[in-house]
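Participant: Fit chain B to the supplied structure of chain A, relying on the hints for placement.
These protein sequence lines map, in sequence, to chains A and B. Under the working numbering, the letters of the first sequence match residues 602 to 774, in that order. Under the working numbering, the letters of the second sequence match residues 678 to 843, in that order.
No wet-lab data here; the hints were simulated from the structure.
Some, not all, of what chain B presents toward chain A, calculated at C-beta under 8 Å:
| id | residue |
| --- | --- |
| 1 | V714 |
| 2 | I741 |
| 3 | G743 |
| 4 | S744 |
| 5 | T793 |
Given the structure is predicted, the values throughout are model-derived calculations rather than measurements. Glycine residues also receive a C-beta, built at the ideal position from the N, C-alpha and C atoms.
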Amino acid sequence: MATTYSLISSNVLSSSAASVTFSSIPSTYTDLVVRVSGRTDTAGQAIDTIQLQFNGTGGTAYSYTRLTGSGSAAASSTGSSVSVINGYYVLDAATATASTFGSVEIYIPSYTVSQNKPLNVIGAQENNNAAAYMAATAGLWTNTAAITSIAIQNGGGNYVSGSSFYLYGIKNS
Amino acid sequence: MASTYEPIATTTVAVAATAITFSSIPSTYTDLRLVIVFKAVLAGSNPGYQFNSDTGTSYSYTAINGSGATASSQSSNSNNQCYLISASTASTAQSQIFTTDIFSYTGSNYKTLLTTFSGDLNGSGNVSGVVNLWRSTAAINSVKFLFDSGTMAIGTTATLYGIKAA
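Chain A on its own, in the form it takes in the complex (with noise of 0.2 Å):
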């Protein structure tokens, strides 16, 4: 039996960067899964969100609905017609607890398929403070083509150096 959920890329930061891209996904998976452990220094918050487009296009063709905990209270949100799905603030930033990273994971399913591309996306900065952030995230790219990029951005800033993004394929035979 066919074994699945494969490492088709990573990218470790030694250095800051205002974003990641994994570029040339090979088409030969059905659903894709990116785990992202991040931090950025926008200046002065201590939270940051994370960010996805794909295949390099902006535009207004992404939505999403959010399900979200600050420690104290449960909201939802949505958003639709944006240039990008924001996943809430699940990144840690500057102000943030020392050496503590935001945990994200993204699931892309039938990322091929001829049809628009849902996906889910889960995160918690959880910074050992009175506030911190978890997120469930719906999210909707009205757009046909497989995927062949995803762009991880943030809020404003920087990730810094450590954060990590891991890109996995997954094949349901």
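Facilitator: Chain B alone, transformed into the frame defined by chain A:
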């Protein structure tokens, strides 16, 4: 190192269907994972799982849901299926996702599940986390994914993976 996370079976709905069943599941794994990418035909049609053809009232759930405007939580017990509540929005235009982990499916304890649902419909939708319990000590040898009304549209896919601990 032993290989893990192996595909056991996959199916694609060729005609509108009320259920997808994986049967004769081998007992050689530790956990199971289901990935379902579906299009719902009928609003209000609650999806769920049944195991080993058990249609009795031995299933329960607790869910947290975000609708884009509000967050809510709900639970229910003594149901006739493991409801994955909140995925009831009909859409044949956008696919929606369930990922479900079934832990220790061959163990002799009651069976627990953890599901994430993502159903953004470009301007509306839901996102959920659901925990389920099947009150049975039997090993799971079949899984049925079903709606309590309506059907899944053509193109719905379901894949069952096995995960080995060693």
